[in-house]
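Colleague: Sequence:
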Amino acid sequence: MKRLSLKLKVTLLYSFFMTLLTCAALAILFSLSNQEILASTQNTLKKQVQESMEDVEWEDGSFDLDSDFYDLDGGVYLSLYTETGELLYGRIPYGFDLKPDFSDGQLQTLSDSGRQWYVFDLAHRISGYGLVYIRGISSVTEAESSFRITLRFAMIVLPLLVVLTAVIGYLFTRRTLRPVRRITDTVQEIQTNQDLSRRVELGNGTDEIYQLADTFDQLLDRIEHAFRREQQFTSDVSHELRTPITVILAQCDAALADETLNGEHRQQIELIEKKARNMAQIISQLLLLSRADQGRQQLQMESLNLSELTEMVCEEQSILAEEKQITISTQIEPELYASADETFYIRMLVNLISNAIYYGREGGHIFVSCFRQNGFIAGSVEDDGIGISKEDLPHIWERFYRADTSRSASGHSGLGLSMVKWIVEAHGGTITAESTLGKGTALTFLLPEEKN
-5 MKRLSLKLKV TLLYSFFMTL LTCAALAILF SLSNQEILAS TQNTLKKQVQ ESMEDVEWED
55 GSFDLDSDFY DLDGGVYLSL YTETGELLYG RIPYGFDLKP DFSDGQLQTL SDSGRQWYVF
115 DLAHRISGYG LVYIRGISSV TEAESSFRIT LRFAMIVLPL LVVLTAVIGY LFTRRTLRPV
175 RRITDTVQEI QTNQDLSRRV ELGNGTDEIY QLADTFDQLL DRIEHAFRRE QQFTSDVSHE
235 LRTPITVILA QCDAALADET LNGEHRQQIE LIEKKARNMA QIISQLLLLS RADQGRQQLQ
295 MESLNLSELT EMVCEEQSIL AEEKQITIST QIEPELYASA DETFYIRMLV NLISNAIYYG
355 REGGHIFVSC FRQNGFIAGS VEDDGIGISK EDLPHIWERF YRADTSRSAS GHSGLGLSMV
415 KWIVEAHGGT ITAESTLGKG TALTFLLPEE KN
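Just so it is clear: in the sequence shown, position 34 is 28 by the working numbering, and no numbers are missing.
Hint data in this document are derived by calculation from the structure and do not stem from the laboratory. Careful: at least some of the hints might be erroneous.
[To be verified] Distance condition first, Cα-Cα at most 25 Å in a straight line; then the derived SDA-like pairs of lysine to any residue:
id : residue 1 : residue 2
1  : K318      : T430
2  : K433      : N368
3  : K1        : I326
4  : K415      : D378
5  : K93       : L158
6  : K41       : D106
7  : K93       : S107
8  : K433      : Q275
9  : K1        : L196
10 : K41       : R109
11 : K40       : A18
[As the list claims (entries may be wrong)] Ranges between beta-carbon positions, derived for each pair:
id : residue 1 : residue 2 : range
12 : G99       : V161      : 17 to 25 Å
13 : F90       : L165      : 51 to 59 Å
14 : I162      : D386      : 24 to 32 Å
15 : A148      : D189      : 55 to 63 Å
In this text the structure is predicted, and so the values were computed from the model without any measurement. Glycine included, each C-beta is placed from N, C-alpha and C at the ideal position.
Start from the sequences and build out the full structure, keeping to the hints where you can.
Modeller: Dropping the structure here:
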């Protein structure tokens, strides 16, 4: 039941209780109907026998019986007997071979060869003749037979009724839950397309689902407004900071160009310049991510030989790796082509390798690979550095996230992997991370291969 949809669960529950209720109602109805049929048969038998007394007359030394006496009204067989039990007139049902004693005014229930009969006798004294008995016989089996036909018909109709109930219940439930499906689809579209402008918009309604959809739309309005304000704030702040950072860097360059500057002051200005350049890099990254969030960052896609680009980046980064005596080795399959933005591909690879250098061990190794894999170009950057814990691994793509706050003193802003993730996804690819604390980290990306 856990894997069934809500529509099916409600339909099954509804059908079960409707079937249970129908079966209980039919059971009670048939029980009462059976009793009613038997009671009706008994009453009809007594009534016919009582009324037939008026049809029997003695005239001129013989009985004069009305023609109604021989009618099978209500399935009742009437017959006239002498006081000693001799049959005078009337009809006896076929298969009734019993000869019960007369019991005036008493209803007898008899069985014969698997069949049941009602027998009702009334004594009638006729002027000029004497005492006679009028006997009425009615078949209980035939009365119940019509009931059994109805019961069989009900057993045939009941499954059809269950199926019809289930179908109607499913259609009704699906229609009732259609707004919920629309809400779910909207949420999935927002999640897939990162489009906060989407709304459920069910329209006017008074039930709880419509109220939920309206509340959800209002929440989306507030989230979108807050998100736009955050994007605008980030963009505005980044733009505003670029000018003073540029001035600081220019002043640092001018001060450092002064040959009369003593050593202590030179070190202080060099430190300011280093921090200013770090800030400039952070501002540049923030602007890029802000434009990406707003959908304003365009990619210049072209056919690129990723094998050559990857090899070139690895050679450039080897110079930085030498400072920590880290060796960069490569395994790059030749002639790997993809439609990509050259600038952003290089930035992505530089971020991955520089990240591996910074968190790598002194005298360690970095392994860069690039190869074809099932219609994709797979690239990987592996290091044998400090690694990342399982708790921190899911968060490394978040902006400004650092597993170790002591790393904030470095030139790493915590935006590099966020930018890498955006670049890969903007190219229609995916990126994953595997890491073991104390042993190293492997970052692997997949980009669609260019079709010939």
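Colleague: Please go over all the hints and tell whether each is borne out by the structure.
Modeller: Status of each hint after checking the structure:
no.: 1; hint: K318 with T430; verdict: holds (21 Å)
no.: 2; hint: K433 with N368; verdict: violated (29 Å)
no.: 3; hint: K1 with I326; verdict: violated (52 Å)
no.: 4; hint: K415 with D378; verdict: holds (22 Å)
no.: 5; hint: K93 with L158; verdict: violated (52 Å)
no.: 6; hint: K41 with D106; verdict: holds (24 Å)
no.: 7; hint: K93 with S107; verdict: holds (14 Å)
no.: 8; hint: K433 with Q275; verdict: violated (30 Å)
no.: 9; hint: K1 with L196; verdict: holds (19 Å)
no.: 10; hint: K41 with R109; verdict: holds (23 Å)
no.: 11; hint: K40 with A18; verdict: violated (33 Å)
no.: 12; hint: G99 with V161: 17 to 25 Å; verdict: violated (56 Å)
no.: 13; hint: F90 with L165: 51 to 59 Å; verdict: holds (55 Å)
no.: 14; hint: I162 with D386: 24 to 32 Å; verdict: violated (54 Å)
no.: 15; hint: A148 with D189: 55 to 63 Å; verdict: holds (56 Å)
Comparing the model with each numbered hint stated earlier shows that hints 2, 3, 5, 8, 11, 12 and 14 do not hold.
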